[in-house]
Amino acid sequence: EDKVVQSPLSLVVHEGDTVTLNCSYEVTNFRSLLWYKQEKKAPTFLFMLTSSGIEKKSGRLSSILDKKELFSILNITATQTGDSAVYLCAVGSQTNDMRFGAGTRLTVKP
Amino acid sequence: DSGVTQTPKHLITATGQRVTLRCSPRSGDLSVYWYQQSLDQGLQFLIQYYNGEERAKGNILERFSAQQFPDLHSELNLSSLELGDSALYFCASSGTGTVPFGDYGYTFGSGTRLTVV
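Protein sequences, first through last, are from chains C and Y.
So in the working numbering, spot 66 of the first sequence is number 71, and the numbers just go up one at a time.
So in the working numbering, spot 32 of the second sequence is number 543, and the numbers just go up one at a time.
Chain C with its partners taken away, still in its complex shape:
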């Protein structure tokens, strides 16, 4: 059965720390891996990764995919309290659905 596993499930850090969130997957007919940030309501898109080894970067956030080892990491440097959220990893398949992990709840303390 397809699955997406995120770790850790929760994380508490202080402002300025660097965090690494992990996502491993077993999905048949893999198409892409996506990261979302969910605060109060709707998840908002961060990155989509389709190729191994190519880092995607947006400000203090970056992500990379390893299709051989079936995992991705999301890095956040110089964390701020506004980074506090649930970070969701999702894997899209060729059959057009998307399977989400349970998420990592990040809390950044001042």
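Incorrect hints may have been included.
As the list claims (entries may be wrong) - Straight-line alpha carbon distances no greater than 30 Å define the calculated DSBU-like cross-link-like pairs of lysine-lysine that follow:
#: 1; chain 1: C; residue 1: Lys73; chain 2: C; residue 2: Lys61
#: 2; chain 1: C; residue 1: Lys114; chain 2: C; residue 2: Lys42
#: 3; chain 1: C; residue 1: Lys46; chain 2: Y; residue 2: Lys568
#: 4; chain 1: C; residue 1: Lys45; chain 2: Y; residue 2: Lys568
#: 5; chain 1: Y; residue 1: Lys568; chain 2: C; residue 2: Lys72
#: 6; chain 1: Y; residue 1: Lys520; chain 2: Y; residue 2: Lys568
#: 7; chain 1: C; residue 1: Lys73; chain 2: C; residue 2: Lys45
#: 8; chain 1: C; residue 1: Lys46; chain 2: C; residue 2: Lys73
#: 9; chain 1: Y; residue 1: Lys520; chain 2: C; residue 2: Lys46
#: 10; chain 1: Y; residue 1: Lys568; chain 2: C; residue 2: Lys8
#: 11; chain 1: Y; residue 1: Lys520; chain 2: C; residue 2: Lys42
#: 12; chain 1: C; residue 1: Lys45; chain 2: Y; residue 2: Lys520
#: 13; chain 1: C; residue 1: Lys8; chain 2: C; residue 2: Lys73
#: 14; chain 1: C; residue 1: Lys114; chain 2: C; residue 2: Lys62
#: 15; chain 1: C; residue 1: Lys73; chain 2: Y; residue 2: Lys568
#: 16; chain 1: Y; residue 1: Lys568; chain 2: C; residue 2: Lys42
#: 17; chain 1: C; residue 1: Lys8; chain 2: C; residue 2: Lys42
#: 18; chain 1: C; residue 1: Lys62; chain 2: C; residue 2: Lys8
In short, the hints are calculated from the structure, not lab data.
Fit chain Y to the given chain C structure using the hints.
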């Protein structure tokens, strides 16, 4: 505003009742996806429609059904409601069935919070 509109935002109803959740996709998007998110649970894929036709089905209960209309809006019908159906229901949309995610993945609506009492 993501462009995906879900109504109502909140719904409180009693066990055994039936409710309908509505979703209008982003302009131009042909695919609509429904997800359920229970407390402390990840997003569970329920069903996808593409241009009016069912395209993919996930863990959707038999008590639940959905459809997509010619104007591309979608409705999720939940019947014989149980306490365990209390959750946040998200609708998401994307461009086409052949390139389902584009460069931006799905666009999510703000969700409908359903409380069954």
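Okay, the hints, checked on the actual structure:
Taking the CA atoms of lysine 73 (chain C) and lysine 61 (chain C), the gap is near 18 Å; set against the 30 Å cutoff, the hint holds. Using a Cα cut-off of 30 Å, the hinted pair lysine 114 (chain C) and lysine 42 (chain C) holds, with the two alpha carbons roughly 18 Å apart. Distance hint between lysine 46 (chain C) and lysine 568 (chain Y) is fulfilled; the C-alpha atoms sit about 24 Å from each other, no more than 30 Å. The suggested pairing of lysine 45 (chain C) with lysine 568 (chain Y) holds, with an alpha-carbon distance near 27 Å, which does not exceed 30 Å.
Among the hinted pairs, lysine 568 (chain Y) with lysine 72 (chain C) is consistent with the structure: their alpha-carbon atoms are about 26 Å apart, no more than 30 Å. Distance hint between lysine 520 (chain Y) and lysine 568 (chain Y) is fulfilled; the C-alpha atoms sit about 24 Å from each other, no more than 30 Å. Distance restraint check for lysine 73 (chain C) and lysine 45 (chain C): the Cα-Cα separation of roughly 34 Å exceeds the 30 Å cut-off, and the hinted pair is therefore not satisfied. Proposed proximity of lysine 46 (chain C) and lysine 73 (chain C) is contradicted: the alpha carbons are some 33 Å apart, above 30 Å.
Between lysine 520 (chain Y) and lysine 46 (chain C) the alpha-carbon distance is near 11 Å, which keeps this suggested pair within the 30 Å criterion. Restraint check: the Cα-Cα separation between lysine 568 (chain Y) and lysine 8 (chain C) comes to about 16 Å, which is no more than 30 Å; the hinted pair holds. Of the pairs offered as hints, the one joining lysine 520 (chain Y) and lysine 42 (chain C) holds, with about 20 Å between alpha carbons and a cut-off of 30 Å not exceeded. In summary, the hint linking lysine 45 (chain C) to lysine 520 (chain Y) is supported, as the alpha carbons are separated by about 13 Å, within the 30 Å threshold.
For the suggested pair lysine 8 (chain C) and lysine 73 (chain C), the alpha carbons sit about 16 Å apart, so the restraint of at most 30 Å is met. Of the pairs offered as hints, the one joining lysine 114 (chain C) and lysine 62 (chain C) holds, with about 24 Å between alpha carbons and a cut-off of 30 Å not exceeded. Proximity of lysine 73 (chain C) to lysine 568 (chain Y) is assessed by CA-CA distance (about 28 Å); at most 30 Å being required, the pair is judged to hold. This hinted pair checks out: lysine 568 (chain Y) and lysine 42 (chain C) have alpha carbons roughly 25 Å apart, not beyond 30 Å.
Taking the CA atoms of lysine 8 (chain C) and lysine 42 (chain C), the gap is near 19 Å; set against the 30 Å cutoff, the hint holds. For the hint linking lysine 62 (chain C) to lysine 8 (chain C), the alpha-carbon distance of about 26 Å falls within 30 Å, and the restraint holds.
Comparing the model with each earlier hint shows violations of hints 7 and 8; every other hint is respected.
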